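Participant: If you want the building blocks of each chain, they are given just below.
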Amino acid sequence: MTIPQERHVLVVFPHPDDEAFGVSGTITTHIQQGTPVTYACLTLGEMGRNLGNPPFATRESLPVIRKKELQASADAMGLTDLRMMGLRDKTIEFEDDEKMVGLMTDLIEELNPSKIITFYPDFAVHPDHEATARAVVRAVRRMKDRPTLHCVAFANNTLEMLGQPDVVYDIREVRDQKMNSMKAHISQTAWMLEEMEHKLQQGDTETENWLTKERFYNYRWHEDFEKSF
Amino acid sequence: MELVEVKKLQVELDAFAGKDVYLHLETTNGSYATHFNEGFFNAGAFIRNVVINYELGKVVGDSPHRVGLKLPHGWVYAQGITHYELDDQGRLLLAGHDGTGKLAVALQISETPFSY
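Going down the list, the sequences are from chains A and B. Numbering that gives the first Met the number 0 numbers the first residue of the first sequence as 0 and each following residue consecutively. Numbering that gives the first Met the number 0 numbers the first residue of the second sequence as 0 and each following residue consecutively.
Where hints are given, some of them may not hold.
[Stated by the list, open to error] Here are the simulated SDA-like cross-link-like pairs (lysine to any residue), alpha carbons at most 20 Å apart as the crow flies:
| hint | chain 1 | residue 1 | chain 2 | residue 2 |
| --- | --- | --- | --- | --- |
| 1 | B | K101 | A | A71 |
| 2 | B | K101 | A | K98 |
| 3 | B | K101 | A | T206 |
| 4 | A | K98 | B | Y115 |
| 5 | A | K182 | A | A71 |
| 6 | B | K101 | A | M191 |
Rather than coming from a laboratory, the hints here were simulated on the basis of the structure. Every value quoted in this text rests on a predicted model; they were computed, and no experiment measured them.
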């Protein structure tokens, strides 16, 4: 599938590096097509557990490191509108739900995106991912003219419940940018990248797929994750 | 951070005794524990910027160590502490890092509030 031209793309994820693995190829492609892309990253991943042994950071110094990594990832993708939303890692689901919807609505009203990318509610594993997905879906649900809503799903039961993703983009042309986006988050991705290199050398097709394809589900409004809010 | 040396850390703990200090206490298995191992029972706790005043602080045992703070009406303790640091803002940061470099527990005290 080629990536269609959009008016403006809004990407909403809670953690620095959430964008890298799943969607950095798509973001890069949009930018190369001249489409403005805004990435709203809700936290700085303050509660990340990869601090090394011997430690390279403390709980208090980690956000400073991850903020720089996030900026470096944006640079790797060519993304210029990066919004750091100032929430704290692992607390999003405990924020007032209506406040979270308001946060998303404000972004949408300001940017008027034709497409929004976030996680798929109930298939996003991490509580922050789920809370982010819920807030975005609720904000979009209230709109008269809804933008395209592409969701990333990776819970273990995704295939069983949602089937194959209905949107699969070939991102081979921006493979280097995707790799650089992942590498930018080196404090959190080092061990994962090492494993990836190893698998690539062994000709593992699943890993190769990661660097050549990105997968999304159009949000299924007819199977909305909640009846009302 | 450096590896805990009981005598050195004890001196640092003593220095905060009897003062109003902001506490950060956290235990975690990570949010993906159940994703990678579906039978795993994921539990943890987090508290940040609650003011306490302890009368006695002790670090005990071989690494990973246990650290306990005795309050006038209660207790704070953490187990699994491997590393510590008195940072450039004078905050005492204790942490337990497992063999893969992941933080499992943190106990931090400061005379000024930690960031948000």
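Participant: Are the hints correct? Go through all of them and say.
Facilitator: Now for the hints, and whether the structure bears them out:
no.	hint	verdict
1	B:K101 to A:A71	violated, 23 Å
2	B:K101 to A:K98	violated, 32 Å
3	B:K101 to A:T206	violated, 24 Å
4	A:K98 to B:Y115	holds, 18 Å
5	A:K182 to A:A71	holds, 9 Å
6	B:K101 to A:M191	holds, 13 Å
When the structure is compared with the earlier hints, violations turn up for hints 1, 2 and 3 and for no others.
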